[in-house]
Structure formats: C-alpha cells, structure tokens
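Chemist: Those letters in the sequence shown? Residues 2 to 192, per our numbering, in order.
In short, the hints are calculated from the structure, not lab data.
Be a bit skeptical, because a hint or two may be false.
As the list claims (entries may be wrong) - Distance ranges between label pairs, derived from CB positions:
| no. | residue 1 | residue 2 | range |
| --- | --- | --- | --- |
| 1 | Y95 | D119 | 21 to 27 angstroms |
| 2 | R4 | G101 | 41 to 47 angstroms |
| 3 | V13 | G101 | 23 to 29 angstroms |
The beta carbon of each residue, even a glycine, is placed where N, CA and C say it ideally should be.
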Amino acid sequence: MARVGGKRAELVTFDGLPDEGEHVACVLPPEPGPDPLVRLHSECLTGDLLGSERCDCGPQLDEALTLIGKEGGTVLYLRQEGRGIGLYNKLDAYLLQDRGADTFEANRMLGRGDDERDYGVAAAMLRALGQTRIRLLTNNPDKVRQLREHDVEVTQVIPTHVHITSENSCYLSAKAKVGGHTLNTLEGELA
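All chains, full assembly: derive it from the sequences and hints.
Modeler: In structure tokens:
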C-alpha cells in the first residue's frame, strides 16, 4: 500500500504483459460517477526523481497523483524511459540536445525512433484491472489512438497543464510540432 493525497492506494504488479518491463499501477478506488480517471506515465528518472527542468515529466506526474488523490483512479507507471529508448540512450540524447538538437532529432541521431513507446502494455494492464472505459489525463494523441486500437474505450481526454519553464520550452515546442501534443497554455496554444 501507498498513500496518495492522504488516501490509501494499492500498488499493483503484473505477470504476462506484452513486454518484459516491470510496470506498476497505482490505484485509488474511484468515486461513484464517471469512468475512472487514468494517467499513463512513462518513467523519467531525471524528471520524476531528480527534478530535471529539461522536461515536464515530474510536474505532470505530481499533477496526476493530485487529481487521482482527489477523485480516485489509476496511474500506470510505465517503464519506458526516454520515449522508449532507455536511460542510457536518453542521457546520450541530452548531450546532443546540448548541441542544439531537439528531443526527436537527438533520438534519430542515435539511430532510434522519435517515440518508441508501445501503449499496448498499458491496455493490457487496464484490462487486467477491469478498466476498459476510462477518462484519460494526457496531451498526447498517440496514447489515445493506441489505447483505442487495443480496445480500451477512452470516453474523455482531459488535458494536463503545461508546465513550461525557460529550460523546457524547446522540448515542449518539439512535442507539439513533431509529436502532435496538445499544449494549451493560459496565453493560447504553444507554438
């Protein structure tokens, strides 16, 4: 058991998933009403644990845990570091970003894809939890598309806030331009 928002949360592990990652679900019983709120969160050691300002991963995880702590739901913590390229490759990509490449260009320079994450594993986890109709907390249209392809009904997409800083603005712009992410700020859409 864990605590999220002062409430007891269950940490669920899985056997027989489509990949060999040690993914985990943090589940708080949802309040009666709409479909459960779900966040698919890809592991980010630098952002989640070390507070890196190159990305918005840590603030997005905190936001998801706060919302789910209030109304219940599930955070799937997916072991897909660095858009699925792994921690060491991600750190190598950081060096390329320091020389001017954006996150997607850096991945390609390393011979990797723009985004190698496969959310089929998330769909399998949700099915195992009996959550096949969900409200999804995301700005990433690929998460929605892949879940639907794997027979998880996304009844509502709830955008996360844009946690923009001077250090991650280029990263967020690249996510919007190349990744198709919806990144609406208070001032309008991030260019």
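Chemist: State for each hint whether it applies.
Modeler: For each hint, the structure was consulted:
1. At roughly 23 angstroms, the beta carbons of Y95 and D119 sit within the given window of 21 to 27 angstroms.
2. Against the hinted window of 41 to 47 angstroms, the Cβ-Cβ separation of R4 and G101 comes to about 43 angstroms, which satisfies the hint.
3. Separated by about 42 angstroms at the C-beta atoms, V13 and G101 break the suggested range of 23 to 29 angstroms.
Hint 3 from the earlier list is the only one contradicted by this structure; the remaining hints agree with it.
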